[in-house]
Amino acid sequence: MKRQNVRTLALIICTFTYLLVGAAVFDVLESKKETTQKKKLDDKKQELMSKYNLTNVNFDELEGVVLQLKPHKAGVQWKFAGSFYFAITVITTIGYGHAAPSTDGGKVFCMFYALLGIPLTLVMFQSLGERINTFVKYLLHRLKKCLRLRRTEVSMANMVTIGFISCISTLCVGAAAFSRYEDWSFFHAYYYCFITLTTIGFGDYVALQKDHALQTNPKYVAFSFIYILTGLTVIGAFLNLVVLRFMTMNAEDEKRDAEHRALLSRSGRAGLPCCVPDPPSSSSGRGLRNVYAEVMHFQSMCSCLWYKSREKLQYSIPMMISRDLSTSDAYMGQGEAFTDPHANGCVCSLQRRSAISSVSTGLHSLSTYRALMKRRSSI
Amino acid sequence: MALRTGRTCFGQILRRVSRLQGTWSRRSSSLLCLSSNQEQDPGGCNRDHKRCSGVHHTHHHQHHSLCQTGSDRCHSFPKCCAFLEDQRGHEPLTHRFLVAMKRQNVRTLSLIVCTFTYLLVGAAVFDALESDFEMREKEQLEAEEKRLQGKYNISEDDYRKLETIIMEAEPHRAGVQWKFAGSFYFAITVITTIGYGHAAPGTDAGKAFCMFYAVLGIPLTLVMFQSLGERMNTFVKYLLKRIKKCCGMRITDVSMENMVTVGFFSCMGTLCIGAAAFSHYEDWSFFQSYYYCFITLTTIGFGDFVALQKNRALQRKPLYVAFSFMYILVGLTVIGAFLNLVVLRFLTMNSEDERRDAEERASLAGNRNSMIIHIQEDSQHGRQRYKGDVTDLQSVCSCMCYRSHEFTSRVVSQQNSFSSQLNPQYFHSVSYKIEEISPSTLKNSFFPSPVSSVSPGLHSFTDNHRLMKRRKSI
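Chains A and B are the protein sequences, given in the same order.
Residue numbers for the first sequence follow my numbering, so the first one is 355 and each next one is one higher.
Residue numbers for the second sequence follow my numbering, so the first one is 68 and each next one is one higher.
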């Protein structure tokens, strides 16, 4: 089965298992408290109802009013500051729900706003995150040079460590600030920062909802907004470093498979070297053919090396190359026609430089291979 | 590859090359010579030579002399040197700054500015749309509150208590939230980052576990949806191709527009199906259901509308529960597929540019006598950039034979160690040799014309090809 399919299936199974395990654990952790809390609340409710002689209908009425008043109690939600806060929760997909559009027009605009804003924000955070990673890498490199370490290259492990530490410190800074301003415990504030910066955004804890902060405390409001956006950038940088490459894996494999298929299918056509006089172009369709033609031509040029090269290639070039080369045996004869023994002047030096041509024929794939390895292993 | 670049691209080539550092300017001079040679007839370089040398004489004599030395080697080509750094001094400051600034930085800055503007505009519009309604609703509700408080004669303290009770009891009203079905629902909202908040962990242990659960679950889910989305896109592409063949159409290639259209319609279809289903089961209007599906599938998840919260559905209606879960996960896959198709390439743009710059720097650093122009094929900006490798070698084999030893010592192969019997350094030097075949070189040598159509760099060509593929194709 194709690698991409195996990978996808494995991921699906993993995710479902993860969900099942999570559900079981949450059940164990929360169920008991839920039932006890519910019982307590029911008791209190009954107590108040009997004290004031409220029927169930009456209570439902009261309940409706109280719940609807909840966002209003927290402050004016839709003046500019509140709207800005709301806009942030939309395009970052945090979505607390502390304020949600009540009017139909607001709902419609919210949908269109999200449609454009979410991709824009995703790209922005990844872009900025990548810049931050590059800058950190540069700083680390200079630091290593300053400290006169032997190896001044910045490894992936270095970057991941730094990224992780910056994420943790961002959360801690936020936790300290919000626990002070919102009167939460440090743990609750940390939980709030985490839920916010992972864009889950339950809404059980929401900043700027106490004491009409949105209207009366502009500095705190500004701090909150900046914290959310900066924190998301830091998390985004870490995701860019660690997760993004996995999101493109399938597509890269697919591309590589397509290239190989194309290469193989073209090698199956006998007339390829004769088709080479295409005008040089950068179209992807001809590109591969040109590349292969060049490989063929190179083989034909140093034809005397060919026999030697095949031996060496089988040992040194990865498997994906050897197939290409084996099919090119057919071109040996045709390749002769291309060579002008006096022109290339390499006949005499062929023996000395046999190793050169032996690698040249596999260069295409090898550089591809190299580039791919670079892609995977480098930051 | 001998791409025919236009005059404007030539100017861009100049600017791009002029950004190279001082030690490389010598290389760039002969590079310019050879690239112009690629464009025009061999005799045409004389014109450039006159222009180049004119610029030259006014400014940098030492470079001119170096160019002379360099041009001794390229005796196939006219002595042509352009000193490109001169170009810089004549451009306006801001233009120079923007040009000198790396593309990635410009891109990032403009994205930041865009996002902030978008936020400001959004805030203003939401303010205009919702503020009035909010004020009115608040007045109404407060009046109602007072009325009820007076009707039942509830004291202030008791009323506060009542308020707290009601707000805390809200999730309980909707049903048992933490039995297995409810926990599964909650787990979904965590790892997909929807996060309704209809139920949130009450215990501290639950909160802590929730955080660890999210740390591992969110990346897993992101990768899973992208992976599955990519598979879906590939399958749809295959289907479309078959349909096109069946319909007997001339062009059976599936273009990006086709895919985007299909993706968009599947997103719309998914939302509509969900809207219909939920409006039936939850007694919402179609519009409210559609809004709910949209807010859910974009993972915003306000929590103002939440499924499975009526009539104890979590416990009593297992089929509906299963449908809801499947709908959320499948819908997220469809949206993820569309994002994979349209947005993902933009997420990796900066990294790709950075990598290409690094490769360019590495090649230039490792190669004193030859240069690599990176002129990237970029369909979006419409600029023609090609990565062409220029050389001062006469013929492939002889130069390789006689000059390879020069390069062996300079080559650094850094990150990759592929097992090979060959010396990687030697290998690397040979790769440069291959790259250094320019069609004009071959043309001017004794090779027959078919060779001239051959691309000058296997390595560079495939890279470009892949990059182009990445930008243009799905």
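Fair warning: there could be bad hints in the mix.
[What the hints assert, rightly or not] Lysine to any residue pairs mimicking SDA-like chemistry, simulated, CA-CA at most 20 Å apart:
| id | chain 1 | residue 1 | chain 2 | residue 2 |
| --- | --- | --- | --- | --- |
| 1 | A | K356 | A | Y372 |
| 2 | A | K386 | B | G242 |
| 3 | A | K433 | B | E206 |
| 4 | A | K424 | B | K312 |
| 5 | A | K433 | B | R227 |
| 6 | A | K609 | B | Y387 |
| 7 | B | K246 | B | Y387 |
| 8 | B | K304 | B | L287 |
| 9 | B | K246 | B | S222 |
| 10 | B | K205 | B | T231 |
| 11 | B | K377 | A | H426 |
| 12 | B | K312 | B | F302 |
| 13 | B | K377 | A | Q422 |
| 14 | B | K205 | A | H566 |
| 15 | B | K308 | A | R615 |
| 16 | B | K228 | A | I367 |
| 17 | A | K405 | B | K218 |
| 18 | A | K491 | A | I519 |
| 19 | A | K387 | B | L208 |
| 20 | B | K308 | A | A612 |
| 21 | B | K218 | A | L402 |
| 22 | A | K392 | B | A344 |
| 23 | A | K398 | B | I221 |
| 24 | B | K205 | A | G418 |
| 25 | A | K427 | B | E206 |
| 26 | B | K246 | A | D381 |
| 27 | A | K499 | A | T488 |
| 28 | A | K405 | B | R227 |
| 29 | B | K205 | B | A195 |
| 30 | B | K213 | A | K394 |
| 31 | B | K246 | A | K424 |
| 32 | A | K394 | B | Y387 |
| 33 | B | K377 | B | A344 |
These are computed hints drawn from the structure, not numbers from a lab.
Note that the coordinates shown come from a computational prediction; the quantities given were computed from them, not determined experimentally.
Hint check results:
no., hint, result
1, K356(A) x Y372(A), "24 Å, violated"
2, K386(A) x G242(B), "14 Å, holds"
3, K433(A) x E206(B), "16 Å, holds"
4, K424(A) x K312(B), "59 Å, violated"
5, K433(A) x R227(B), "27 Å, violated"
6, K609(A) x Y387(B), "40 Å, violated"
7, K246(B) x Y387(B), "16 Å, holds"
8, K304(B) x L287(B), "26 Å, violated"
9, K246(B) x S222(B), "37 Å, violated"
10, K205(B) x T231(B), "19 Å, holds"
11, K377(B) x H426(A), "25 Å, violated"
12, K312(B) x F302(B), "15 Å, holds"
13, K377(B) x Q422(A), "18 Å, holds"
14, K205(B) x H566(A), "15 Å, holds"
15, K308(B) x R615(A), "17 Å, holds"
16, K228(B) x I367(A), "47 Å, violated"
17, K405(A) x K218(B), "14 Å, holds"
18, K491(A) x I519(A), "15 Å, holds"
19, K387(A) x L208(B), "32 Å, violated"
20, K308(B) x A612(A), "15 Å, holds"
21, K218(B) x L402(A), "15 Å, holds"
22, K392(A) x A344(B), "31 Å, violated"
23, K398(A) x I221(B), "15 Å, holds"
24, K205(B) x G418(A), "13 Å, holds"
25, K427(A) x E206(B), "12 Å, holds"
26, K246(B) x D381(A), "5 Å, holds"
27, K499(A) x T488(A), "17 Å, holds"
28, K405(A) x R227(B), "15 Å, holds"
29, K205(B) x A195(B), "16 Å, holds"
30, K213(B) x K394(A), "27 Å, violated"
31, K246(B) x K424(A), "27 Å, violated"
32, K394(A) x Y387(B), "30 Å, violated"
33, K377(B) x A344(B), "14 Å, holds"
Hint violations for this structure: numbers 1, 4, 5, 6, 8, 9, 11, 16, 19, 22, 30, 31 and 32, all remaining hints satisfied.
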